[in-house]
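So the protein sequences, as listed, match chains A and B.
If you count by our numbering, then the first sequence holds residues 1 to 323, one letter each, in order.
If you count by our numbering, then the second sequence holds residues 1 to 323, one letter each, in order.
Don't read these hints as lab results, they were simulated from the structure.
Treat the numbers as computed from the prediction; the structure is a model and nothing was measured.
Heads up, a few of these hints could be off.
Same chains, same label: a pair holds when it works inside one copy or across any pair of copies.
Straight line, CA to CA, 30 Å or less: simulated DSSO-like cross-link-like pairs of lysine-lysine [unchecked claim]:
# : residue 1 : residue 2
1 : Lys231    : Lys25
2 : Lys25     : Lys84
3 : Lys293    : Lys266
4 : Lys280    : Lys84
5 : Lys97     : Lys280
6 : Lys133    : Lys293
7 : Lys122    : Lys293
8 : Lys123    : Lys84
Protein chains: 2
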Amino acid sequence: MEKIKQLQQDFADFMAGIDFGGEPKELYAPIAYTLLQSGKRLRPMLCLLANDLFGGDENEALWPALALETLHNFTLIHDDIMDKAPLRRGKETVYQKWNSNIAILSGDAMLTMALQFALKPKKGATIAALLGKVAREVCEGQQLDLNYETQTNVSIDEYLEMIRLKTAVLLASSLQMGALVANAKESDIQHVYDFGITMGMSFQLQDDILDLYSDVETFGKRHGGDIADNKKTYLYLKALELASEKDRKRLQQLFTLHMDHDEEEKIEEVKAIYDRLNVKEEVEKVIAEYDRKAFLALDAIDLPDERKVHLRTFAEMLSGRKK
Amino acid sequence: MEKIKQLQQDFADFMAGIDFGGEPKELYAPIAYTLLQSGKRLRPMLCLLANDLFGGDENEALWPALALETLHNFTLIHDDIMDKAPLRRGKETVYQKWNSNIAILSGDAMLTMALQFALKPKKGATIAALLGKVAREVCEGQQLDLNYETQTNVSIDEYLEMIRLKTAVLLASSLQMGALVANAKESDIQHVYDFGITMGMSFQLQDDILDLYSDVETFGKRHGGDIADNKKTYLYLKALELASEKDRKRLQQLFTLHMDHDEEEKIEEVKAIYDRLNVKEEVEKVIAEYDRKAFLALDAIDLPDERKVHLRTFAEMLSGRKK
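Work out the full structure: start from the sequences and follow the hints.
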């Protein structure tokens with residue numbers, strides 16, 4: 001835990017030394033507002049932990065760590081426009097606080113800044129190429145997510161591919177970049193990437209559960225937002241699979257309703273069906289399986305177990321096994 | 001002219017060999033739709049001409065040329081959302097043909113693709129860094145442009161700085177990148193950049209004139225769109241400067257009206273004031289001065305005049321001296 005806290009502090013200190021200001025202020029104020037909120041810094045931490053795992057120079061890894069955090073926050077700003085999300089981390093979203101034009105443009109500037117940060121380390125060109133690849137994948141995932149809002153016949157496999165692109169690849173790339181600047185060998189970079197993918201799948205499925213089964217104070221977002229937005233999460237797709245003919249029809253009908261309908265009522269009715277079918281427990285089983293695979297990938301890395309302690313601890317914190 | 005036509009053909013052939021497709025198709029179709037329209041290919045041409053000027057390898061310059069064209073088209077897609085523009089090059093804009101979410105996301109993917117293309121040549125890291133710098137500047141320029149739509153006291157200097165950022169820097173960077181991959185010396189890279197800035201200023205001021213004084217068939221955009229959008233162009237700012245108290249007040253009043261007002265009537269009334277004050281001729285004087293400075297910068301490049309023929313011819317075509 002000491003190592004994790006130290007890396008968190010190092011990243012916070014590093015960010016404190018970066019000037020996110022600039023002119024015109026309408027463009028840069030939303031960037032500072034977004035990046036300087038105290039988020040989980042999950043992606044930077046994965047990058048720094050992977051770099052530490054392979055004995056790399058932390059100064060080289062801080063730049064990709066910042067690039068990843070900036071890229072992630074860019075996606076949030078643009079996604080919040082598309083999802084019409086009023087809250088993020090318990091605060092107003094950029095599009096809500098300013099307007100959607102400013103949110104588009106400051107997001108564009110952030111994507112560009114992410115690239116600029118990625119180019120800073122010695123292996124800048126390679127890191128920037130990876131950043132480009134993962135940024136494309138995240139866009140593809142977000143487009144699939146938008147498609148599935150209106151597409152009626154989404155399969156569980158399609159959903160899993162969507163969250164792989166939208167969430168897991170960025171977590172995996174964070175680990176990959178940290179390992180890469182540390183000059184890890186090819187096979188180990190692949191293992192750490194695989195660890196990130198499976199952990200990312202687990203993380204997103206947990207997020208789906210938290211969206212409905214946690215309260216807004218701890219989660220920082222609108223409660224049941226996925227249901228309100230007709231997002232076909234694993235919960236919903238599993239419920240469809242397990243439901244009686246009557247429940248299935250009702251669920252499908254509820255997931256065509258839009259904001260003119262009473263939102264709270266809709267969320268409560270969907271949640272009641274989920275609870276009756278025990279879909280939360282079903283999703284938890286799938287999460288456990290991803291977690292198991294993640295730790296197998298971690299085991300496969302060609303290093304002594306004691307070196308893997310910090311990354312393992314961090315992943316266990318994320319998967320909620322340890323607080 | 002042969003050289004210019006040859007480079008145009010080379011770029012067209014190069015683009016024809018690039019696969020702009022991908023999944024999900026909702027993300028990639030707008031990219032192919034935008035990039036495969038027959039635009040002027042101004043930025044790629046400037047990059048290839050500068051590379052040719054300094055005797056560089058055309059294969060190295062084609063990638064930054066494509067990166068620049070992709071970056072430019074990304075800005076058009078996002079700007080068209082912000083400006084609510086229905087037409088671009090005489091065709092429906094992406095946000096109009098699909099929707100604004102798809103336009104945001106496919107624009108994001110294009111910005112990322114621009115980065116990926118920029119990384120391809122031998123000097124990829126340097127080109128990508130320049131692309132990042134210019135992308136930031138273009139965002140800043142667009143934000144100033146948005147600000148000036150509602151800001152009442154815009155000065156002519158502020159306007160010129162806005163168009164420098166929004167338009168001129170990208171043209172200048174196109175020349176700079178072409179010169180850079182051709183290993184031109186520092187002082188010549190600076191001259192060719194300065195040439196691009198002054199030519200770009202001239203180009204944008206001409207565009208302001210064309211927006212009002214050409215017809216939609218040849219221009220491909222809504223006629224008088226700048227007036228409809230209350231864009232404070234050089235024409236407007238010069239008119240304010242030259243106008244009688246009465247005309248000035250009327251102009252300012254007209255430039256607070258929004259779409260609920262009869263658009264055609266507003267455009268005609270503003271145009272009548274401009275014509276009475278001869279502002280078109282005033283802007284043409286400023287354009288001539290920028291053109292003069294542009295050709296001075298071209299003269300300063302440390303190469304025999306005969307090498308500069310193609311770039312000079314291309315610039316003269318742009319400035320409308322030669323057809």
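To see whether the hints hold, each was checked on the structure:
no., hint, in the structure
1, Lys231 to Lys25, "between (35 Å within a copy, 20 Å between copies)"
2, Lys25 to Lys84, "both (24 Å within a copy, 23 Å between copies)"
3, Lys293 to Lys266, "neither (36 Å within a copy, 66 Å between copies)"
4, Lys280 to Lys84, "within (26 Å within a copy, 43 Å between copies)"
5, Lys97 to Lys280, "neither (34 Å within a copy, 40 Å between copies)"
6, Lys133 to Lys293, "within (24 Å within a copy, 41 Å between copies)"
7, Lys122 to Lys293, "neither (33 Å within a copy, 40 Å between copies)"
8, Lys123 to Lys84, "neither (38 Å within a copy, 41 Å between copies)"
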